[in-house]
Structure formats: C-alpha cells, structure tokens
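**Student:** What follows is each chain in one-letter form.
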Amino acid sequence: GAVVSQHPSRVICKSGTSVKIECRSLDFQATTMFWYRQFPKQSLMLMATSNEGSKATYEQGVEKDKFLINHASLTLSTLTVASAHPEDSSFYICSARATGSRGNEQFFGPGTRLTVL
Amino acid sequence: DQQVKQNSPSLSVQEGRISILNCDYTNSMFDYFLWYKKYPAEGPTFLISISSIKDKNEDGRFTVFLNKSAKHLSLHIVPSQPGDSAVYFCAASPLSGNTPLVFGKGTRLSVIA
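Residue numbers (our numbering), protein chains in the order written: chain A, 1 to 117; chain B, 1001 to 1113.
Think of the hints as simulated: they come from the structure by calculation, not from any bench.
Careful: at least some of the hints might be erroneous.
Here's a subset of chain B near chain A, in silico, CB distances under 10 Å, partners left out [to be verified]:
#  : residue
1  : Gln1006
2  : Asn1007
3  : Ser1008
4  : Ala1041
5  : Glu1042
6  : Pro1044
7  : Thr1045
8  : Phe1046
9  : Gly1060
10 : Phe1062
11 : Thr1063
12 : Phe1065
13 : Pro1100
14 : Leu1101
15 : Lys1105
16 : Gly1106
Heads up, simulated BS3-like pairs for lysine-lysine below, C-alpha to C-alpha not over 25 Å straight-line [as the list claims (entries may be wrong)]:
#  : chain 1 : residue 1 : chain 2 : residue 2
17 : B       : Lys1105   : B       : Lys1068
18 : A       : Lys14     : A       : Lys64
19 : A       : Lys66     : A       : Lys41
20 : B       : Lys1068   : B       : Lys1005
21 : A       : Lys41     : B       : Lys1056
22 : B       : Lys1005   : A       : Lys41
Have a look at the derived ranges for each label pair, beta carbon to beta carbon [to be verified]:
#  : chain 1 : residue 1 : chain 2 : residue 2 : range
23 : B       : Pro1094   : A       : Gly53     : 45 to 55 Å
24 : A       : Gln60     : B       : Lys1068   : 24 to 34 Å
25 : B       : Thr1045   : A       : Lys14     : 27 to 37 Å
26 : A       : Lys14     : B       : Gly1060   : 28 to 38 Å
27 : A       : Lys41     : B       : Ser1074   : 35 to 45 Å
28 : B       : Glu1015   : A       : Gln60     : 20 to 30 Å
29 : B       : Leu1011   : A       : Ser73     : 36 to 46 Å
30 : A       : Ser54     : B       : Ala1113   : 49 to 59 Å
31 : B       : Ile1112   : A       : Lys41     : 27 to 37 Å
32 : B       : Glu1058   : A       : Ala82     : 43 to 53 Å
33 : B       : Leu1011   : A       : Lys64     : 30 to 40 Å
34 : B       : Gln1003   : A       : Ser54     : 35 to 45 Å
On a predicted model such as this, the values are computed, not experimentally measured, just so you know.
Glycine included, every Cβ here is placed at the ideal spot set by N, Cα and C.
Kindly produce the complete structure, drawing on both the sequences and the hints.
**Tutor:** Below, the structure written as structure tokens:
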C-alpha cells in the first residue's frame, strides 16, 4: 500500500511556541491531504482538508489562524500549530488520497504526539 | 449528528474464536465503506473495504459484510489472534467526489489468549 510519513513523531514544547508538523506521501502523489486530531479514547476528528495549491478547508470549530495548513506540493502538507497551549496537546494524524485513486481510500501517517507544557 | 456509529466501545474475544465488529450509518449517500485498525500512538492502517455494489468482501481472515437496506456493516475476523487486539474504526464516504471519510468512534478489540 501507499506510504505516508509524518515528522516529527513526537514533540514537547513550551506554551507559546509554534510547532510545525510535516506530512509526506512517499510513493504517490496526493492532491488531497487531511489533518485529524485524536483525543485519548476518542475517534479521529477531522480538522481540515487541504488541496495542493489552494487554501485549506477547515471544519467547523477549528481555528484557521491557530492551525495553519500549507499544501505546497503533491507530496507535502504541513500543519503549524501557532502559539501552542496545553489544550492543543493531542495526537495529530494526517492522511493522503492518491491522485486518481480508486474510491475514497485514504492512507494515514503514523501520527505526531504533541505535548505542550 | 453522528453519521457513522460503532455502538460497542469494546469487545473481548477468546483466541481462535470469531470477532464480529458492527457499524451502522445514516447517510444514504455513503456507498464506500472501509475498516481501519489502529494501535496506540500509531496512525490507522487500512484493513478492508467494500463498495455498495457488493454485500461481501473477503481478504484472508477478514470479511466485511454490507447490508445496504439496514445501513449496517460488520467486520468478521476468524480465527481471532492476540495480534488483532487494537481499535477498529469503521469509515464511510460517497464513492465519487473528494470528500473526507467519516469515521465511527471505534471499537477496542481484545483477543485473549
């Protein structure tokens, strides 16, 4: 199957710091990438959908000025958590849909654990 | 409004027996369904999918059944193995278009040796 990587896998930072998470599709081109966050023992919550070369579409309740998404190429999307606070601590997961893929299958990255002190 | 529901948060099964995970959906536009498996602190991995033109899809020990009239699908794992212990997410979307998958809340499966 297709491989999606995320970097870093884990980050611990002080409150007020901005954190950038990268999501890469390694062996396919992804016109669309999705960003999710997961709280403990809860489902995946879609934050935003990003299409290459255009602005991301944010889900209701997700602050676009807080969670900055850039999808500059067909293999890379970045999520920047601006001025992170402890309540932003979570597990962030990206997924990618291959260009011309059959159906709506999404391939997920391994996730990034963000801890804000 | 939850469009994809997994009503059992957890399930325990003896090794070697069958595991049955259930999923219900409400959106009649959904016609593509997937199951993902997730270990703690890892991203979900794709397991098996089914489109609405079929009522069954089998891959090794994993079989997904779809009852479109009941808007219900289930994942059968047989025989269950301890390594199958994980959280299983059901997901759905329209087959066409570029909409994101809608996930259920997951069911934690524990396979007891």
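**Student:** Each hint: holds or not?
**Tutor:** These are the hints, each one checked on the structure:
| no. | hint | in the structure |
| --- | --- | --- |
| 1 | Gln1006 | holds (9 Å) |
| 2 | Asn1007 | violated (13 Å) |
| 3 | Ser1008 | violated (14 Å) |
| 4 | Ala1041 | holds (6 Å) |
| 5 | Glu1042 | holds (6 Å) |
| 6 | Pro1044 | holds (5 Å) |
| 7 | Thr1045 | holds (7 Å) |
| 8 | Phe1046 | holds (6 Å) |
| 9 | Gly1060 | violated (15 Å) |
| 10 | Phe1062 | violated (15 Å) |
| 11 | Thr1063 | violated (18 Å) |
| 12 | Phe1065 | violated (18 Å) |
| 13 | Pro1100 | holds (5 Å) |
| 14 | Leu1101 | holds (6 Å) |
| 15 | Lys1105 | holds (4 Å) |
| 16 | Gly1106 | holds (6 Å) |
| 17 | Lys1105(B) to Lys1068(B) | holds (20 Å) |
| 18 | Lys14(A) to Lys64(A) | holds (21 Å) |
| 19 | Lys66(A) to Lys41(A) | holds (24 Å) |
| 20 | Lys1068(B) to Lys1005(B) | holds (15 Å) |
| 21 | Lys41(A) to Lys1056(B) | violated (30 Å) |
| 22 | Lys1005(B) to Lys41(A) | holds (15 Å) |
| 23 | Pro1094(B) to Gly53(A): 45 to 55 Å | violated (24 Å) |
| 24 | Gln60(A) to Lys1068(B): 24 to 34 Å | holds (29 Å) |
| 25 | Thr1045(B) to Lys14(A): 27 to 37 Å | holds (33 Å) |
| 26 | Lys14(A) to Gly1060(B): 28 to 38 Å | violated (47 Å) |
| 27 | Lys41(A) to Ser1074(B): 35 to 45 Å | violated (22 Å) |
| 28 | Glu1015(B) to Gln60(A): 20 to 30 Å | violated (43 Å) |
| 29 | Leu1011(B) to Ser73(A): 36 to 46 Å | holds (41 Å) |
| 30 | Ser54(A) to Ala1113(B): 49 to 59 Å | holds (50 Å) |
| 31 | Ile1112(B) to Lys41(A): 27 to 37 Å | violated (20 Å) |
| 32 | Glu1058(B) to Ala82(A): 43 to 53 Å | holds (47 Å) |
| 33 | Leu1011(B) to Lys64(A): 30 to 40 Å | holds (38 Å) |
| 34 | Gln1003(B) to Ser54(A): 35 to 45 Å | violated (26 Å) |
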